[in-house]
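**Student:** Counting from 0, one number per residue, gives the positions in the sequence shown under numbering that gives the first Met the number 0.
By construction, these hints were calculated from the structure, which means they are not laboratory data.
Treat the numbers as computed from the prediction; the structure is a model and nothing was measured.
Check before you lean on any hint, since a few could be wrong.
[To be verified] Label pairs and their in silico Cβ distance ranges:
id: 1; residue 1: Ile127; residue 2: Ser67; range: 35 to 45 Å
id: 2; residue 1: Glu446; residue 2: Thr345; range: 27 to 37 Å
id: 3; residue 1: Lys443; residue 2: Gly203; range: 40 to 50 Å
id: 4; residue 1: Ala242; residue 2: Thr54; range: 36 to 46 Å
id: 5; residue 1: Ala399; residue 2: Lys102; range: 48 to 58 Å
id: 6; residue 1: Phe189; residue 2: Glu446; range: 51 to 61 Å
id: 7; residue 1: Lys307; residue 2: Ser371; range: 24 to 34 Å
id: 8; residue 1: Thr316; residue 2: Arg464; range: 44 to 54 Å
id: 9; residue 1: Glu195; residue 2: Leu251; range: 16 to 26 Å
id: 10; residue 1: Gln510; residue 2: Asn196; range: 45 to 55 Å
id: 11; residue 1: Leu251; residue 2: Thr192; range: 28 to 38 Å
id: 12; residue 1: Gly284; residue 2: Lys489; range: 41 to 51 Å
C-beta atoms are modelled at their ideal positions from N, C-alpha and C, and glycine is treated no differently.
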Amino acid sequence: MKKFYLSLFLILASLPAASLAQKAAPRPKVTSAVPAATPAAKPAPAYEIPLVTKTLANGLEVIVLPDSSVPLVTVELDVRNGSFTEPPELNGLSHLFEHMFFKSSMAVRLLQCENAPPRSVVTSFNSICSETLKLKPSIGDTSYLKDANQLTFYNGTTREEVVNYFYTVTSPYLASAIKNINDSVRFPTFDETEFENEKRVVIGELDRHEANPYQYLDLTLKDKLFYKYPTRKKPGGTRETVAAATTAQMRLIQSRYYVPNNAALVVTGDVKPDEVFKLAEQIMGGWEKRKVDPFKEFPMVEHPPLPKSEGVIIEKTIQDDSSPEQGQNIFLEIGWQGPSIGKDDTATYAADVFSYIITQPDSRFQRKLVDSGLVSSAGFGYYTQRNIGPISLLLVSTPAKAKAAMKAAYDEIAQFTRPDYFTDEELESAKTILESNDLFEREKLSEYSHTIGFWWSSTGIDYFRGYHKNLRAVSREQINAYLKTYVLGKPHVGLALVAPGAKQAANLTEQDLIGEK
């Protein structure tokens with residue numbers, strides 16, 4: 000399932016997520032466990048996502064989802080960048096680039112120079128202006144900057160396979176938002192003082208993430224699952240790489256990935272598609288295309304499969320707000336390498352549906368683990384990615400119950416492909432609720448634009464267009480094929496995050512964590 004940079008751990012930690020499958024209300028309890036005895040729900044027709052698209056001559060994809068119910072517009076630039084493009088020396092610098100995006104562009108400097116009295120400026124400023132004014136033919140009219148107070152709602156995010164930037168404005172300021180994005184992406188200043196300040200901000204974010212047990216577990220899992228190229232799955236990077244970053248590296252990233260034939264302009268809300276296409280052509284049509292596709296020149300790495308299963312017990316002070324006593328909770332996780340978009344699309348749809356079936360409160364999986372009292376929460380999910388999406392099972396237990404919880408989890412995993420593990424009704428209901436959640440999320444287009452951008456970058460817009468149709472077609476046989484290919488009997492990683500002193504009480508072994516006796 001698509002979860003942006005937020006994985007299953009963050010969802011359980013009550014952090015916001017943009018998944019298609021994580022926000023449903025509980026279904027009525029299913030009383031029968033035998034598919035043949037339970038009438039299947041009548042499949043509903045899949046709805047079409049009313050996207051209107053156009054690709055400019057320079058390769059920029061323009062994607063519009065119109066909705067005039069509220070006079071608001073979100074303008075988003077999505078770039079195929081992120082940690083999956085990062086060798087070790089660049090790890091985390093896509094995120095740092097994102098932080099620099101909304102700093103003053105050369106357009107702002109040009110406006111300052113145009114309005115500066117020529118005889119009153121200091122020599123250094125005059126020298127800067129003489130160079131800046133040469134950009135006037137490329138930047139054009141800067142009068143739109145007077146609308147800056149209308150463009151105060153903006154943000155950006157960095158994930159493994161996409162970086163996005165967006166403005167949400169009232170409808171009359173559509174053109175100003177597009178111009179701001181255009182000037183930020185094409186004419187950044189990368190001011191050295193601002194750059195050093197943002198490096199400190201990013202390092203502070205890394206510190207906060209590692210203090211969160213779910214985040215820490217997530218980082219450890221990815222290091223183990225993607226052991227040969229771990230940086231390709233760590234959007235935040237490390238303190239060392241961020242601290243050593245230079246503005247020259249920012250310009251390197253810009254030249255490789257911030258090009259129109261590696262980007263999409265997503266516009267949602269109170270707009271007309273033809274108007275958006277016209278403005279995009281006028282404002283961004285002059286953005287020079289990169290001669291070579293960056294992913295042909297710098298191809299994605301091939302993550303090797305896990306050679307064997309591995310169990311790891313991590314002793315670390317746990318700052319868990321859900322537990323009043325430090326050390327009361329133990330965080331347990333099992334991870335597998337899952338399917339990749341473009342290589343096994345069918346499995347990605349099956350993964351989404353199955354994950355949703357077993358995470359419903361009345362599923363057998365939840366009854367055996369949560370209702371039994373072995374764990375306080377249990378989640379299972381797949382994170383859609385072009386370059387191997389991880390499959391994760393996360394449990395929150397206590398030292399006294401952790402060992403039994405792991406045994407119960409592996410007992411359930413072994414039963415996943417049994418004909419009676421879930422009913423036909425559960426299968427069809429999962430598809431319906433997945434689709435309903437997506438419709439609900441569309442009620443807030445300022446956030447739904449991020450969903451569109453994620454799918455565009457990681458899967459391609461055609462995958463997104465056909466998502467619900469293919470979701471509806473998922474069968475029990477496809478789910479079983481997915482589980483047999485990626486989960487059952489496959490090498491995996493088992494982790495336990497325990498507070499110092501709780502390891503002995505839990506009595507967990509590495510064999511417990513990988514399901515071996």
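**Student:** Decide, hint by hint, whether the structure agrees.
**Tutor:** Here's how the hints hold up against the structure:
1. Ile127 x Ser67: 35 to 45 Å: Holds, at about 44 Å.
2. Glu446 x Thr345: 27 to 37 Å: This hint holds: roughly 28 Å between Cβ atoms.
3. Lys443 x Gly203: 40 to 50 Å: Because 29 Å falls outside the window, the suggested range is violated.
4. Ala242 x Thr54: 36 to 46 Å: holds (39 Å)
5. Ala399 x Lys102: 48 to 58 Å: Taking Cβ atoms as reference, alanine 399 and lysine 102 lie about 52 Å apart, which means the hint holds.
6. Phe189 x Glu446: 51 to 61 Å: With Cβ atoms ~29 Å apart, the hint is violated.
7. Lys307 x Ser371: 24 to 34 Å: holds (30 Å)
8. Thr316 x Arg464: 44 to 54 Å: Given range 44 to 54 Å: holds, Cβ gap about 47 Å.
9. Glu195 x Leu251: 16 to 26 Å: This hint holds: roughly 18 Å between Cβ atoms.
10. Gln510 x Asn196: 45 to 55 Å: Holds, at about 49 Å.
11. Leu251 x Thr192: 28 to 38 Å: violated (20 Å)
12. Gly284 x Lys489: 41 to 51 Å: Given about 48 Å between the Cβ atoms, the range holds.
In summary, the structure is inconsistent with hints 3, 6 and 11 from the numbered list given earlier, while agreeing with the others.
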